[in-house]
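Peer 1: Sequence:
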Amino acid sequence: MAFVPPQAGYDRAITVFSPDGRLFQVQYAREAVKRGATAVGVKCKDGVVLAVEKRVTSKLIEPESYEKIFQIDDHIAAASSGIIADARVLVDRARLEAQIYRLTYGEPVPLTVLVKKICDLKQMHTQYGGVRPFGAALLMAGVNEKPELFETDPSGAYFEWKAVAIGSGRNTAMAIFEEKYRDDMTLEDAIKLAVLALAKTMEEPSPESIEVAVITVKEKKFKKISKEEVAKCLEEALKEAEAEEVPEKEEDYSELDSNY
47 MAFVPPQAGY
57 DRAITVFSPD
67 GRLFQVQYAR
77 EAVKRGATAV
87 GVKCKDGVVL
97 AVEKRVTSKL
107 IEPESYEKIF
117 QIDDHIAAAS
127 SGIIADARVL
137 VDRARLEAQI
147 YRLTYGEPVP
157 LTVLVKKICD
167 LKQMHTQYGG
177 VRPFGAALLM
187 AGVNEKPELF
197 ETDPSGAYFE
207 WKAVAIGSGR
217 NTAMAIFEEK
227 YRDDMTLEDA
237 IKLAVLALAK
247 TMEEPSPESI
257 EVAVITVKEK
267 KFKKISKEEV
277 AKCLEEALKE
287 AEAEEVPEKE
297 EDYSELDSNY
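Numbered per the numbering used here, the sequence shown spans residues 47 to 306.
Among the clues, some could well be false.
[Unchecked claim] Restricting the straight-line Cα-Cα distance to at most 25 Å, the calculated cross-link-like pairs of lysine-lysine (BS3-like) are:
1. K80 <-> K192
2. K266 <-> K192
3. K80 <-> K208
Treat the hints as calculated values from the structure; they're not laboratory data.
All values derive from a computational prediction rather than experimental measurement.
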């Protein structure tokens with residue numbers, strides 16, 4: 047009979063705590079997110095912005111088929127980092143919940159309600175045997191009465207943010223947000239900030255490798271920004287940032303996840 051190390055049980059099983067109170071499979075799911083492409087969200091007085099890095103690994107791939115920002119409802123969108131297949135399952139569930147709410151109550155689903163439902167599903171996958179945690183985090187953004195922006199963690203926890211980043215470039219992007227974010231930002235300013243934060247996490251930023259979407263307070267409609275507009279914002283953001291270099295902070299923002 048093969049020797050099984052005593053830690054193997056809680057290292058492999060989702061329902062077993064380690065002696066120091068950790069669920070290792072949840073932490074491994076977070077590691078999948080930390081290795082994923084960077085996604086950022088910025089809330090402003092006019093609406094909310096989502097931007098993601100598109101890692102197209104071959105010139106033969108059709109870039110438009112590589113979707114990282116998803117429309118959930120007319121007024122809600124989500125951006126993902128981590129295992130894209132897991133993210134698509136969560137997005138499909140969110141779309142279903144949004145339509146059920148609309149048919150039941152005759153009005154658009156509040157973003158907070160939808161976020162709670164998705165995080166309830168995520169939490170269930172940390173509690174029962176025979177399943178594994180979702181290896182994906184979502185930034186969920188929308189406009190009901192006001193702009194809202196949430197981060198959902200593989201553990202099922204969620205937080206509302208003014209500006210946030212997930213993925214491999216989280217620390218760099220969060221340092222830029224800490225330095226440059228303002229509560230009175232316009233939508234144009236928020237787009238530039240999101241694009242700048244994303245560009246600073248990439249080796250060779252380009253309009254083809256950045257996807258941006260917005261939801262405005264006025265229209266409450268999801269809209270993707272064209273490549274031409276992204277190119278213009280990228281050029282302007284990088285020019286404005288040249289004069290003032292943002293210092294990279296030592297703080298590890300990923301540690302925010304450890305106590306969820």
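Peer 1: Work down the list of hints and note, for each, if the structure agrees.
Peer 2: The hints, checked one at a time:
1. K80 <-> K192: violated, 30 Å
2. K266 <-> K192: holds, 10 Å
3. K80 <-> K208: Given that 25 Å is the threshold and the Cα spacing comes to 20 Å, the pair holds.
The structure shown violates just one earlier hint, number 1.
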